[in-house]
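Participant: Residues per chain, in single letters:
Protein chains: 2
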Amino acid sequence: MNNLLDDIQKITLMGPGPSCVDDSVLNAMAKDTIGHLDPAFIKIMDTMKGQLKTLLHTENQLTIPVSGTGSAGMESCFVNLIEKGDAVLVLINGVFGMRMQDVATRLGADVDTLEFEWGTPVIVDDVKKQIAKKAYKIVAVVHAETSTGVKNPVAEIGALVKGSDTIYLVDAVTSFGGIEITMDAWGIDVLYSGTQKCLSCPPGLAPISFSEKAVAAIKQRKTKVPNWYLDLTMIMNYWAGATRAYHHTAPINMLYGLYQALYLILEEGEDAVYKRHMDNHLLLVDGLKEIGINMLVDESCRLPMLNSVHIPEGADDAAVRSRLLKEFKIEIGAGLGPLAGKIWRIGLMGHTARPENVEKLLTALKKVL
Amino acid sequence: MNNLLDDIQKITLMGPGPSCVDDSVLNAMAKDTIGHLDPAFIKIMDTMKGQLKTLLHTENQLTIPVSGTGSAGMESCFVNLIEKGDAVLVLINGVFGMRMQDVATRLGADVDTLEFEWGTPVIVDDVKKQIAKKAYKIVAVVHAETSTGVKNPVAEIGALVKGSDTIYLVDAVTSFGGIEITMDAWGIDVLYSGTQKCLSCPPGLAPISFSEKAVAAIKQRKTKVPNWYLDLTMIMNYWAGATRAYHHTAPINMLYGLYQALYLILEEGEDAVYKRHMDNHLLLVDGLKEIGINMLVDESCRLPMLNSVHIPEGADDAAVRSRLLKEFKIEIGAGLGPLAGKIWRIGLMGHTARPENVEKLLTALKKVL
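Protein chains in written order, with the numbering used here: chain A, 315 to 683; chain B, 315 to 683.
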């Protein structure tokens, strides 16, 4: 029988994720599967919680990877906190803010939104005015809006919410591992991420972290969490409880991969990793400018790991991306929503953020355009 | 830095899952990550749908792996079908029937149960009487009850439900890949499974299949599916839609693993795989009998892949399992719920179901007891 896996080619992944994965992470995933209750596996779980806490700069005990992709992380944060009628404010300036709104609405929350132009950041003063008008159980924002390349002022919004009863919930899917996140100092109560962006692990897991205030909110629920699979009160017993009570079978080999990906970041050093992202971002921006390609987002709020660029006049969006993939083995991302056909999204996430990849893309673009 | 992955030892996994994984499946997971919208990946997805349909003996278009473990499969089946107040009948004779009840109740269903003694099968006549009394939207049963080792009469219950408006929902987590499932012939409308049992892939994915009748039920919902991550109306667009619209980033490398695991089963041949499970089960039962260990479940409804045995008098449950793991690198499972401390659960799932493993366990048990 023909085996399709034999045809898989190495692609330089410069889209909005997945990013390039180091061989040591791929090899970690190929280690022998052991039991989810094996003491050797429990030790890996415990160490992984520590890795995540170190990189997020948090003391939160409930800091674990959820068994699903980044969107499962989003789902788990909202479903554990929301009960019918809870007031939620979602700040929207791209696809992932909209997704938060959709998730919270489906769960029966009373959702208000503040919307900002795609490609621009959330305006802190507007948030200040809104939360002065109404008491929210949750204020939610995306740190790195993957659909536009904008960095939102997460620390500044956190300063507004700090000390109140409101739970501050942040989407760190694209930011985690690429730019600084100091969860506790910024007053973030709840955070979720994904593995396939700046952590450079294949997709499949969603690191989350809940502050004591957020855990207390789960415990004060009047109704059971309506999602058994993502019920953190039970998942906590497996990840941190004295008895390690089985909930669902953990995705063992995916967790090996995440352990190794976090190991690599800690080995290289957090600051060095962030600097590598920024250096390569600047290299890319300069190189693109030389060939007449301009950035969508203002320098003041540009993400280093997700570079949205205007598609040059006369270039065929899909044809260029297809040629890059087929002829040059480079993947870049298309625009989403109102930006479809107008921008490309060039990722420099995690392991991808290296000068040789920037050069490779620039060389290819020169040939294709 | 010390790397915990260096300490992982090869364990013969003879518990209730995960099972032993073939090297080719582990190596598949270590293949280079490619994009979730890459045409090469779409081709793998399409082929995988075919592999699953072949093994489940179904024509269901909606036959895909969900991005989570087996319990996410359970969650996705119930959450897509249930709206508040829907009448659901759950047949319970073990932990996983109870879990179904919990999942459906959290979703606001009007749940009735029929309970049967753990270690015995569901009684078809009782089901017949109950469904004559009340019209149910869903009747749900576990095919292979992993907590007891009992095979439930799935085909016989299906015959009762067939032709009615009721949706017949079957948990095939432990049965799929180890015993025959002819989904369409048996009248199963909705089925979910997991990868870490008889498919012998690491945990992390949940194959599901929905009949046209079940898909129509999703489309007739009055309310949106309250779980964004598992909303099949959107996931279908990615797995089968003409545009392949992005929903969430698929767990690429896990899917490589599942593709390879299904490839191996199809290569060996479905009947040969089932025969291998049965042959090794009989070998194990004989060998256990010789050393005075007796089966919990009557021969008429015993599962070949999950063998529940009475813990011999005088044996220390935890100490024996711990010695098997540490000294002999063999994992077997403990009892759950009312059977904790009373039984061991010996798995012969997928790649584990081989004579050398049976011999290895029997030899070890003789030494330890």
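Since the hints were derived computationally from the structure, they do not count as laboratory data. Ideal Cβ placement from N, Cα and C applies to all residues, glycine included. There's no promise every hint is true.
In silico contact screen, one side only, chain A against chain B (beta carbon under 8 Å); selected entries [to be verified]:
1) L327
2) E389
3) V417
4) S478
5) G555
6) A559
Participant: So, for every hint listed, does it hold in this structure?
Facilitator: Evaluated hints:
no.	hint	result
1	L327	holds (6 Å)
2	E389	holds (4 Å)
3	V417	holds (5 Å)
4	S478	violated (27 Å)
5	G555	violated (16 Å)
6	A559	violated (10 Å)
Checked against the numbered hints listed earlier, the structure breaks hints 4, 5 and 6; every other hint is satisfied.
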